[in-house]
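Number of protein chains: 2
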Amino acid sequence: MNRKPALTLILAATVSTAAFAGEGMWTPDNLPKAQVQQQYGFTPDAKWAEHVQKSALRLAGGCSGSFVSPNGLVLTNHHCVNSCVQQLSTAEKDYIKSGFLAKEEKDEIRCPEIELNRLDKITDVTARVRTATEGKAGEAYSRAEKAIKSEIEKECAGKDSATTRCDVVSLYHGGVYSLYRYHRFQDVRLAFAPELEAAFFGGDPDNFNFPRYDLDMGLLRAYENGKPVKPKDFFPFSKNGADEGEMTVIVGNPGGTDRQLTVSQLELARDEQVVSYLLFLAERRGLLTQFRNESAEHWRIAQSDLFGTENSYKVLRGRLSALQDPAVFDLKRRQEKELRDFVDADPARKQKYGAAWDEIAKAVAVERNIDDRHSYVESGRGFYSRYYEYARMLVRGAAERGKPDAERLREYTDSKLPALTQRLFSTAPVYADYETVKLGWSLTKLREILGTDDAFVKKVLGKESPDALAKRLVAGTRLGDPAVRKALWDGGADAIAKSDDPFIVLARDVDVDARAVRARYENEVESVIDKNSELVATARFEKYGTSVYPDATFTQRFSFGDVRGWDEKGVPVKPFTTIGGAFGHATGSYPFALPQSWLDAQSRLNLNQRYNFVSTNDIIGGNSGSPVINKNAEIVGLVFDGNIHSLGGNYWYDERLNRAVSVHSGAILEALRTIYGADALVKELEAARKR
Amino acid sequence: MNRKPALTLILAATVSTAAFAGEGMWTPDNLPKAQVQQQYGFTPDAKWAEHVQKSALRLAGGCSGSFVSPNGLVLTNHHCVNSCVQQLSTAEKDYIKSGFLAKEEKDEIRCPEIELNRLDKITDVTARVRTATEGKAGEAYSRAEKAIKSEIEKECAGKDSATTRCDVVSLYHGGVYSLYRYHRFQDVRLAFAPELEAAFFGGDPDNFNFPRYDLDMGLLRAYENGKPVKPKDFFPFSKNGADEGEMTVIVGNPGGTDRQLTVSQLELARDEQVVSYLLFLAERRGLLTQFRNESAEHWRIAQSDLFGTENSYKVLRGRLSALQDPAVFDLKRRQEKELRDFVDADPARKQKYGAAWDEIAKAVAVERNIDDRHSYVESGRGFYSRYYEYARMLVRGAAERGKPDAERLREYTDSKLPALTQRLFSTAPVYADYETVKLGWSLTKLREILGTDDAFVKKVLGKESPDALAKRLVAGTRLGDPAVRKALWDGGADAIAKSDDPFIVLARDVDVDARAVRARYENEVESVIDKNSELVATARFEKYGTSVYPDATFTQRFSFGDVRGWDEKGVPVKPFTTIGGAFGHATGSYPFALPQSWLDAQSRLNLNQRYNFVSTNDIIGGNSGSPVINKNAEIVGLVFDGNIHSLGGNYWYDERLNRAVSVHSGAILEALRTIYGADALVKELEAARKR
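Residue numbers (this note's numbering), protein chains in the order written: chain H, 140 to 830; chain F, 140 to 830.
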């Protein structure tokens, strides 16, 4: 699945010297018009681009989507709404199992944690950022950059931070800074989700594989002031959906790529970061698997986390394979040498950029030393629990809101608070026994990775065992109640200081250590890498010009490709599957069991309807739920996955093998109509086309 | 813990060009006398060596031990008898928790699966093996080697295979073939084991760390004909135990090292084998952790497997770190180049040995392709269940026993059957719910690694889910009953063909595929590597002579070192801990809780008694339970672990950092006397010294 993986994003810029051929995640303000015209006979002009930009959406939690009707209907993946479906479920009503259909608008239920962003405007703010950071290094650079970003974002959002979201985005590794202004929708309601069995047919075994037979879709509706939003721009469904060889455009929010990391950064990823995180995920997977299998109730509670864990595991496993491929490293070494030779060939260039790679390597050496502590103490890998997450938001929120905006941790600046409080005040249930298991386990990892005699570990555990500590904290906390969290948030620093909630006490104790390692990371690693990556990026511009795309940053990108199979070790893989194929592949056993609704509808279904398909579009995690459109800006499909070769796409794009996997738009309509009897929704979608 | 890890052993020969300094696992027939004399002023003469050789023991399951009294008392580690202690426990009597003490000999209980081997004789059979394999390659080589080994072993054991065990061992990567004749003891009874809390104080967090506070010991007694064995050779306990700077000799059975693999083999280990197995272990660890935490009963059932999993995980993690250290690979590349340059410098040598490295690299390329299938289908990683293990022994045993000895799979030759049937007829309980969990999970791994559409996977799963299949098989099997297994074994091929036990049916179905991948592995990988490694080894002999030691092969080795701390990043680590230190480090919480027996005895204990200590001896997994002796062949300690740096010892020995970790002999006596009131055992040990 193409959910944005949880691996720490490393900002990176990308340049490609290869010919255009599906490769590239292009910003809306820099589309490769000439290449698209040459390849597909179509020019994405400004009007077309703006319409597409504003029809597409971002799910702030890590996915993409789009408006598909003038009445605020939103199409995305089931696996992007899965946690909402789980949060709305109870032991009595399990929508994961049964699916969900709101017969009418009034039956739609609000998702407690989904925020939608529509990108309204991009402004270049490079000069302003450069002026603010000029001549600075280390902590001073880091502070100056943070301050100017926060100033720009605050200015942009103005008093409308509830509905306006502004992010300063560093593109091309600091080659360009852009201000992205979004319209923010927080009242987002669930209209339709199929059964998990249909959405995720084939389960983890089929994930990142093809042929595929998944109805990985969900429909949401955006509301404002209690009424459905009426977007000016939206994508109607096309009449027939994707055809072989047809040009397809995917508009979405790829989460991150590492196509232009330096060799020293890639080595760190290969030798430390990816393996460490994979091992963490593998063990968590085993733990959650057994927890889930204990009862039907545990299955419902843990399935969403287990899905996320298995998905990230597979993504990272694929990346590790790519990093271990000598051919990939050879390519990276060659590219780096080419650029460094270019830099060194001219004394002025050498003076300006020559040291950047070594400076990055030095920062990487520091990162290698503090990475574990940063991951476990600051990034929360050692405190795997919703309660802790809430407690930390409350403790930090109280401290940070007392400071001027420019001096706050970046996720607590005014422009970031609406998204944060949406999660903090979420009505999603928290399950005490589950939290005890997760937290107890992750505390054992904290102890294992940092060591029993580590002062921080001793401070956290005292004389308790991880499991006993987890049990005590969970038994004593009241943070499961949203009203309690709201009161602590509103009470501010005073309320936090006075609280004796055991998770608040823990988060308070941890905070000084977490901030210390974060400061070291920001000042000695991140700022050095940012600053020197900017130099590398500028040198790259000097050599290759601007006909390039930046590495993915979970901001809107256009990818141009076409519907095409591939050759798998001599065996051609066809681009389409059919609905009939799903019945052929069903064994009746999880995860290859079709839901009863499908079995009941089999005789009425168009079994030849195209179901899933592949295309050459260049996508990555975060693109999940992106619309696949044709040149008329009509929906022809819905991206939900990539093939196994696409996992190496984090580091390079291989046109021969790398494929995006989508649900065909015709299958979406056929299923809604014939299986789910979602007549009102079908009518709405069909009407949108006819307008 | 230094248990022999389950990673496929790759036979390998070792040569060291470094000066002697603790490095080296020497065969009893080739001790480094001159170096030891020079370093320690002591010459290990033939009489001394024979006495030591025959006092020491091997635990066939993967550990070491030694006779410590004239009445057959055997000293080894708790973690080497842990699975026996677990097998003898029930929900009512949990010896893992309470410990075990036989007040008198008649109270000693037989361990269902422990076999002891005493090495009686080593004979060089190189010429005979060479003659048999000369001029052969591929499958023919493989068959010829197997046939001659089986012939030699059978000849050696004669009619006494119940008490005589004979193994042809390939040393120096095929540079030498030796016949090892052992006396075999299968009636082995548990005399004493402390509580797990004392034996494994610090648990996984402290494993492979130091300072350490573990009473990782157990006492067994060997019986023959219902009476205690009276060994001529045994090690009495020394008066005072190990002192700082004192020469220590460790005699045991290091399981395997990879110090002279070629660079292509090391790359395979680094990029594929170690990571794959680590990920498998990590997930299994998570699964078993949650299973264990479900109830006290599950804790007892799963703790031994979880311990083994965590131990192997840590070993492999350490190896991966070593493999990822550029310095280690640089060393290996330099060593390989040095030897290849030597070979290439002379036309005759080049003709004879020059192609060996490339031939190995070609076999490694094949191995890379079939390694997963070999691990999951043949080596059983995909069928993680005792029931399956039994079924497979029965199915294969029936088929193989019908063939001439020389044509059988090597583990079914006559000389191997006694060890095999001991495990097969074991009275250890099998827990159905636990087997269901393990098997269901491992079948999902089988499907994940080989792929859903793999023909073998389809054959195994049919239309069932892994969990449903596991449930059905476990519900239907009768193989939990040793009498049923005995009847099937005795019934031979006919009984197996007629059986409808679902595990027998499964094992029958799997066998053809498992044999196919095994044959490919043996003919295209193993035999090529064996043959060409022999050439590399011979070239190495030509260059470096015979003052070298072979890579470990789970056969008896002597290691010479001394009691010495080390410098840990500028901080000196002292060589000893004390019993008092254990109380200082106890938190009262698992795994840092001392058992009640210790708390009760605290005031009476000699808190200054040395407890654990480190020495420079070169050991590795399999050495667990090895005696640490002084020049008078008296016990001064008991090896149970290595420090974290010792994990890289699989690939190289670093005298500055690599340390063995042992229980001090004085602490063993103090604990038996003052904590456990094991008066008869203490008396027996003291009396042995005075003889």
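There could be a bad hint or two in this list.
Identical chains blur together in the list; that is why a pair holds if it fits in one copy or across any two.
[Unchecked claim] Here are the computed lysine-lysine pairs in the DSS-like style, where the Cα-Cα straight-line distance is at most 30 Å:
#1 242 x 275
#2 584 x 453
#3 610 x 232
#4 597 x 245
#5 713 x 260
#6 275 x 366
These are calculated hints, taken from the structure and not from any lab test.
Remember, predicted model here, so these are calculated numbers, not experimental data.
We went through each hint and held it up to the structure:
1. For a Cα distance limit of 30 Å, the shortest separation of residue 242 from residue 275 qualifies neither inside one copy, at 59 Å, nor across copies, at 76 Å.
2. Within a single copy, residue 584 and residue 453 get their C-alpha atoms as close as 21 Å, and across copies as close as 13 Å, so both meet the 30 Å cut-off.
3. Taking identical chains as interchangeable, the C-alpha atoms of residue 610 and residue 232 lie at most 30 Å apart whether they share a chain (28 Å) or sit on different chains (28 Å).
4. Taking identical chains as interchangeable, the C-alpha atoms of residue 597 and residue 245 are never at most 30 Å apart, the minima being 53 Å within one chain and 46 Å between chains.
5. In this assembly of identical chains, the alpha carbons of residue 713 and residue 260 never lie at most 30 Å apart, being 39 Å within a copy and 65 Å across copies at closest.
6. In this assembly of identical chains, the alpha carbons of residue 275 and residue 366 never lie at most 30 Å apart, being 49 Å within a copy and 83 Å across copies at closest.
In terms of the numbered hints stated before, the structure departs from hints 1, 4, 5 and 6, listed from lowest to highest.
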